[in-house]
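Enquirer: One-letter residues, chain by chain:
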Amino acid sequence: MPPNSLNGRDGSRSDGSWFDERVEAYVDAELSADERVAFGRRLATDARLRAQVALAEQVSLSLAATSQPVCPDSLVARLDAISERAHDSGLRVTPLQTAWRKFAGWSVGIAASILLLIFAGVLAVSNRPQNVVSHIAPETGYTQPEVDQALREVKFALAIVSEAGRHTGAAVMESVFESDVGEASVPAVRNNSQDQTPVNRQ
Amino acid sequence: MDSTEFEHTVRRYRDRVYGFAVHFLGDRREAEDVTQEVFIRLWNHHHNLDGVSAQAWLFRVARNSCIDVYRHTRLQRSVVSDDEAGMERVAADSQSPDQWTEQQIVEEHLQTALDSLSEPQRSIVILREIQGLKYDEICQALQLPMATVKVYLHRGRRTLRKQLSEIYAAQLT
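Chains A and B supply the protein sequences, listed in that same order. The opening residue of the first sequence carries number 1 in the numbering used here; numbering runs sequentially from there. The opening residue of the second sequence carries number 1 in the numbering used here; numbering runs sequentially from there.
Treat the hints as calculated values from the structure; they're not laboratory data. Idealized CB from N, CA, C, for every residue including glycine. Hints should not be assumed to be uniformly reliable.
Computed beta-carbon distance windows for the label pairs [to be verified]:
{"#": "1", "chain 1": "B", "residue 1": "Val-52", "chain 2": "A", "residue 2": "Ala-124", "range": "54 to 64 Å"}
{"#": "2", "chain 1": "B", "residue 1": "Ser-116", "chain 2": "A", "residue 2": "Ala-47", "range": "23 to 33 Å"}
{"#": "3", "chain 1": "B", "residue 1": "Arg-29", "chain 2": "A", "residue 2": "Glu-84", "range": "15 to 25 Å"}
Calculated Cβ distances over 12 Å to all of chain B for the following chain A residues [what the hints assert, rightly or not]:
{"#": "4", "residue": "Asp-34"}
{"#": "5", "residue": "Leu-123"}
{"#": "6", "residue": "Glu-139"}
{"#": "7", "residue": "Asp-148"}
{"#": "8", "residue": "Ala-150"}
{"#": "9", "residue": "Arg-152"}
{"#": "10", "residue": "Ile-160"}
{"#": "11", "residue": "Gly-165"}
{"#": "12", "residue": "His-167"}
Take the sequences, apply the hints, and build the full model.
Expert: What follows is the structure in structure tokens.
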């Protein structure tokens, strides 16, 4: 018997969707007693229907038998750390690792911008014509040694910013290529006492 | 919910939330981040959860987080590739390596089929078929009417059967 030959509830509808629903209801044991008897009669004589039921049962069993992933130790340690912080402070808890990962994307852009600015600044200072200082108008009140000192201070500040940028870049690289950043700071303690409630299906 | 109840809730539901995220995303590392985020949100909203089912709330937030992650990271995913926990289960469950490998292949096919489902079919199939939630629990978690849940579950199952029919055909004949 082809799938669409199984009549609907009212005996007139014959769509595949209703057929699938009947098969699923049979597999889920959701048919009434009368419906189950009628379905069983058809099942006994219809090889194609049996194949459909077998497939539905196989898929359902496979899904139910799918291994339930257990939290790895690293995640358990992170969750325990969150519980401890909740106990200790009772305040809002910040997701350190996920926040850092979200920040990492921005950091690349920020670090690149800083490095670009530093490069442009150093380039501008180093290419500055030597006689520019002599063009300073006397009415500004700045002497040659004062201007030289200011230039040295600017170069010093740029060097500090450059060093900070280098560290930021290294940190970003570490976060991008070493995805376990932050886990080392979490105590590796696992409490094995789990309260697993058995699941009862409807 | 005080901090003691929070700790109890974490211990009770962490594996289930993690399992949902693993099956939804097909990526264990992303599932870890989602699980952590879900429980952080739980604590940060614990003042507003009186009278709310913790399980329903957790699965709802987990699903929303998974959707966010899924939208932002469309990477190649594999559940089997770094299944260290699975390797541990082999010893624990006393499965032979062949049995374990066969199970992994089946689960890989199942995961691929699950990945092909759209929302909310995927969430509903995972919650019903893998997590074993009752219909009313799924309705509560996803805030959907019963009829809608059943329709989506039916469509999801039908899609899974189509996806898996060729794989299971050899076993069934």
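Enquirer: Now, for every hint given, state plainly whether the structure supports it.
Expert: Hint by hint, here is what the structure shows:
no.: 1; hint: B:Val-52 to A:Ala-124: 54 to 64 Å; verdict: holds (60 Å)
no.: 2; hint: B:Ser-116 to A:Ala-47: 23 to 33 Å; verdict: holds (28 Å)
no.: 3; hint: B:Arg-29 to A:Glu-84: 15 to 25 Å; verdict: holds (23 Å)
no.: 4; hint: Asp-34; verdict: holds (21 Å)
no.: 5; hint: Leu-123; verdict: holds (37 Å)
no.: 6; hint: Glu-139; verdict: holds (58 Å)
no.: 7; hint: Asp-148; verdict: holds (51 Å)
no.: 8; hint: Ala-150; verdict: holds (47 Å)
no.: 9; hint: Arg-152; verdict: holds (46 Å)
no.: 10; hint: Ile-160; verdict: holds (35 Å)
no.: 11; hint: Gly-165; verdict: holds (27 Å)
no.: 12; hint: His-167; verdict: holds (25 Å)
When each numbered hint is compared with the structure, no violation occurs for any of them.
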